[in-house]
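Please take these sequences and the hints and turn them into a complete structure.
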Amino acid sequence: MKRNIPIFITFITGLALILAHFVPRERQSISQIGEIVQDWAMIIFAFAIILGALNLLRVNIIEKVLRLAKGYGYSIVLVVAFFVTTGLGIGQGIEEGTKFFLIYKFIFTPLSATMFSLLAFFIASASFRAFRAKTGEATLLLVAAFIVMLGRVPIGDFLWTHIPFVSKYFMLSDISAWIMGFPNVAGQRAILIGAGLGAVAISLKILLGVERSYLGGED
Amino acid sequence: MRNSKILMFFSAIIFFIAFSPSIAFADEGLREKISYYFNVDKANILVGIIIVFFCVAYYLYHAQKGKALYIRPIAGLSALEDAVGRATEMGKPILYIPGIMDMDDIQTLAGISILGHVAHKVAEYQSRILVPVSKSVVMTTAQEVVKEAYLKAGRPEAFNIDDVWYLTDDQFGYVAGVDGIMMRDKPAANFYMGTFYAESLILAETGYATGAIQIAGTAMASQLPFFVAACDYTLIGEELYAASAYLSQDAHQISSIKGQDMAKAVVLGCIILGCILVTLNSLVGLPDFLMSFVKFFEVK
Numbered sequence: 001m002k003r004n005i006p007i008f009i010t011f012i013t014g015l016a017l018i019l020a021h022f023v024p025r026e027r028q029s030i031s032q033i034g035e036i037v038q039d040w041a042m043i044i045f046a047f048a049i050i051l052g053a054l055n056l057l058r059v060n061i062i063e064k065v066l067r068l069a070k071g072y073g074y075s076i077v078l079v080v081a082f083f084v085t086t087g088l089g090i091g092q093g094i095e096e097g098t099k100f101f102l103i104y105k106f107i108f109t110p111l112s113a114t115m116f117s118l119l120a121f122f123i124a125s126a127s128f129r130a131f132r133a134k135t136g137e138a139t140l141l142l143v144a145a146f147i148v149m150l151g152r153v154p155i156g157d158f159l160w161t162h163i164p165f166v167s168k169y170f171m172l173s174d175i176s177a178w179i180m181g182f183p184n185v186a187g188q189r190a191i192l193i194g195a196g197l198g199a200v201a202i203s204l205k206i207l208l209g210v211e212r213s214y215l216g217g218e219d
Numbered sequence: 220m221r222n223s224k225i226l227m228f229f230s231a232i233i234f235f236i237a238f239s240p241s242i243a244f245a246d247e248g249l250r251e252k253i254s255y256y257f258n259v260d261k262a263n264i265l266v267g268i269i270i271v272f273f274c275v276a277y278y279l280y281h282a283q284k285g286k287a288l289y290i291r292p293i294a295g296l297s298a299l300e301d302a303v304g305r306a307t308e309m310g311k312p313i314l315y316i317p318g319i320m321d322m323d324d325i326q327t328l329a330g331i332s333i334l335g336h337v338a339h340k341v342a343e344y345q346s347r348i349l350v351p352v353s354k355s356v357v358m359t360t361a362q363e364v365v366k367e368a369y370l371k372a373g374r375p376e377a378f379n380i381d382d383v384w385y386l387t388d389d390q391f392g393y394v395a396g397v398d399g400i401m402m403r404d405k406p407a408a409n410f411y412m413g414t415f416y417a418e419s420l421i422l423a424e425t426g427y428a429t430g431a432i433q434i435a436g437t438a439m440a441s442q443l444p445f446f447v448a449a450c451d452y453t454l455i456g457e458e459l460y461a462a463s464a465y466l467s468q469d470a471h472q473i474s475s476i477k478g479q480d481m482a483k484a485v486v487l488g489c490i491i492l493g494c495i496l497v498t499l500n501s502l503v504g505l506p507d508f509l510m511s512f513v514k515f516f517e518v519k
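Protein chains in written order, with my numbering: chain A, 1 to 219; chain B, 220 to 519.
Derived coverage of chain B by chain A (criterion: at least 3 residues anywhere in the stretch with Cβ under 8 Å from a Cβ of chain A; other residues may be distant):
1) 264-276
2) 378-386
3) 459-470
It should be emphasised that the hints constitute simulated quantities derived from the structure, not laboratory data. Just so it is clear, CB atoms sit at the ideal spot from N, CA and C, and this is done for glycine as well.
Printed below as a string of structure tokens:
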């Protein structure tokens, strides 16, 4: 019973959403079912954030700070930032001009940008490791990456114009665009088709109760 | 004999797809009656779902009759036990990241399903698994899954609920937190299974820098190159969805993988047929009833 009720709810909800997708919008009674279920899901997800916040505070305060575990200093910073930001947001609001907005604009946004900017360095280090001509496929990858990278910057076409004869008919940027527009798109579409079919198959398994590992417990 | 049956089934499906649109929707009166109850612009999606359903049902029927079904080994999943064993020998924990999306995302569901198998293996090896998550509902689900995995392995006392905890909903705040965990706790095996966006390379490169063995799986085509470059093993697209069935070795679940492979073959046949029809139509012109096949699968 404990496992059958969630499976039954999953099946009924999934079936309702599928039917709502195929029924014309004019049949409002059925198409509205899908919208109502999605509204309920959004409300549940919004309330569930309280669970996350309580877990965050419990793990950091009780397990780290009070026990002086390794790295407890970071937990103190996190807890203080949590209460200060929450207090300011609830007390003064979050509009432009409030202290909450100042924290968002001058602390949170630059920190996010810093993390995002790490990608530039990580792409360089990952490329250095990945683009090595160890096998035939790796050599092909190296050549394609070289053409695409050089073809996307102005200096690529500038250097290409110095090659006699070839530059009269096409430029390096044309080759780069062809690689990105044809073999690359073909490969991505193949992956997307496979992933899409896999998603349909696993969704069918979840709807029909064949796949139950997400519920925990015996399969 | 077996191959001829599959070929006949395959041909029947192609025939059904090729001619059902023109048969069903040639009559305007019939189309108007149907469109009152059913959005005919989405009929192509329904046909696709029916095809996948019948392909899966075909192999499910064979699985129920006790027929052994073979699927090719997936390197990343074969290496799962080695990764957990390596972490146990080194006395380091295993880090599992189920993506950054919520439970309504199918990749997160697939990631949580795989988490159950990984946690079971970790419990058997008497090691430790860390699961920092980005969404609250995922946290509660993951706690249940890991707890039951330890219970199934006969080690419920070893389960620590604080090993599955919530970090933050924010994308880069989450990746900063996970990077901190990697640099401080130095897990020996990292698993990234689910939906990832820009943070995928940050996670994978930081994990590489700590010397961990890394197994990733995602259906995000834009992030796969980063995982392939930085991780030891990568589950590409549908392999992520097939992983749970592959690890369970349950005949019913494996039959669904075979069914989806057959559906892929049908899609391939339709693509080839569509390309031929469009090419011929542009060269010599084709009758409308042949082009109705192409028009049926247009995105509306």
